[in-house]
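> Sequence:
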Amino acid sequence: KQFSNADRERFCEKVTKLLPPQPAQDYSSASHLDEIKRLIKKKDWDNAAEKAKNLLESDKGTLVEWQLILEKLGGEKEFSRLVELSKYLEANESRLTSWPPIFGDEYREDFECLFHNIGAILAEEGDPEYALHCFQVFLERMKMSAEDDEYIPLYLVMIQARLGNEEEAMKYWKIAQKGNIPEGLKKKAFEILERKR
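Okay, so the sequence shown: first residue is 1 according to this note's numbering, each after it adds one.
Source of the hints: derived by calculation from the structure; they are not laboratory data. Possibly wrong hints are sitting among the right ones.
[What the hints assert, rightly or not] Listed next, the in silico DSS-like pairs over lysine-lysine satisfying Cα-Cα at most 25 Å (straight line):
no.: 1; residue 1: Lys186; residue 2: Lys171
no.: 2; residue 1: Lys77; residue 2: Lys87
no.: 3; residue 1: Lys60; residue 2: Lys87
no.: 4; residue 1: Lys187; residue 2: Lys143
no.: 5; residue 1: Lys174; residue 2: Lys186
[To be verified] Across the chosen pairs, the derived CB separations fall in these ranges:
no.: 6; residue 1: Gly179; residue 2: Ser94; range: 12 to 22 Å
no.: 7; residue 1: Glu90; residue 2: Ile181; range: 23 to 33 Å
no.: 8; residue 1: Glu167; residue 2: Asp59; range: 39 to 49 Å
no.: 9; residue 1: Ser31; residue 2: Glu93; range: 35 to 45 Å
no.: 10; residue 1: Ser94; residue 2: Gln136; range: 16 to 26 Å
no.: 11; residue 1: Glu194; residue 2: Lys42; range: 33 to 43 Å
Because the structure is a prediction, the values reported are computed rather than measured. C-beta: ideal position from N, C-alpha, C; glycine also.
Given these sequences and hints, build the entire structure.
Below is the structure:
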C-alpha cells in the first residue's frame, strides 16, 4: 500500500496515541502489558525493560510494550537508556510477534514509524548519530527520501548542525523551507543551526 505524506504523518501520530486493542488469543495475557505500564508509571525503567526483553526472548514480545517504554523514556529525557533499548530492539526485531498492529495490518510499518519517532526525540537532544540512523531506517524501509517527508528535513537540520556538518544542515534547511512546517519546530531547528555555526 502506498501512503501519501498526510497519511504517513497521521500514521506516525497514531503510533504514539493509539492504545493497543484487546489481546488476541495467541497473546499469553494482557497482564504483561499492565505490569509494564505499572512499572513505567513508577519510572522503574530497569524492570520495565527487563520484562519487555523477557517477552521478546520468549517470542511473545510485540511493539506495543516497546513503544510505551521507548517514547516514555524520550519524554523523561532518559536518552542513553532510550538509545540502548532501541539498539536492543533493532537487533532482536526478528523475534517480534505481529500482534497487535498499532496501525494498519503489518507490524513492520509500525516498527519503521517507531524509529521515525525515536529519531525525532533524539534530533534536538540525545545521541545525534543514532537519531540519524533512526531516520535512515525509516527512509530506507519506506523507500522514501528525506524530501518526501515534510518534517524529516528539519530534524536533519538539527542533527547535522549538532554533528558539526554545517553544509549538510544548510542543504536540509533549504529543503525544509518548501514544507508546511509548524513555526515552533522551524524556530527550534533555526536556533540549533545558529548556535552551531
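> All hints, please: hold or fail.
Hints, one by one, checked against the model:
1. Lys186 - Lys171: holds, 15 Å
2. Lys77 - Lys87: holds, 17 Å
3. Lys60 - Lys87: holds, 19 Å
4. Lys187 - Lys143: violated, 29 Å
5. Lys174 - Lys186: holds, 12 Å
6. Gly179 - Ser94: 12 to 22 Å: Given about 35 Å between the Cβ atoms, the range is violated.
7. Glu90 - Ile181: 23 to 33 Å: holds, 28 Å
8. Glu167 - Asp59: 39 to 49 Å: Since the Cβ atoms of Glu167 and Asp59 sit about 46 Å apart, the hinted range of 39 to 49 Å holds.
9. Ser31 - Glu93: 35 to 45 Å: For Glu93 against Ser31, whose Cβ atoms are near 25 Å apart, the range 35 to 45 Å is violated.
10. Ser94 - Gln136: 16 to 26 Å: holds, 19 Å
11. Glu194 - Lys42: 33 to 43 Å: Distance hint for Glu194, Lys42 holds at roughly 40 Å.
Figure legend: structure checked against the earlier numbered hints; hints not met, in rising order: 4, 6, 9.
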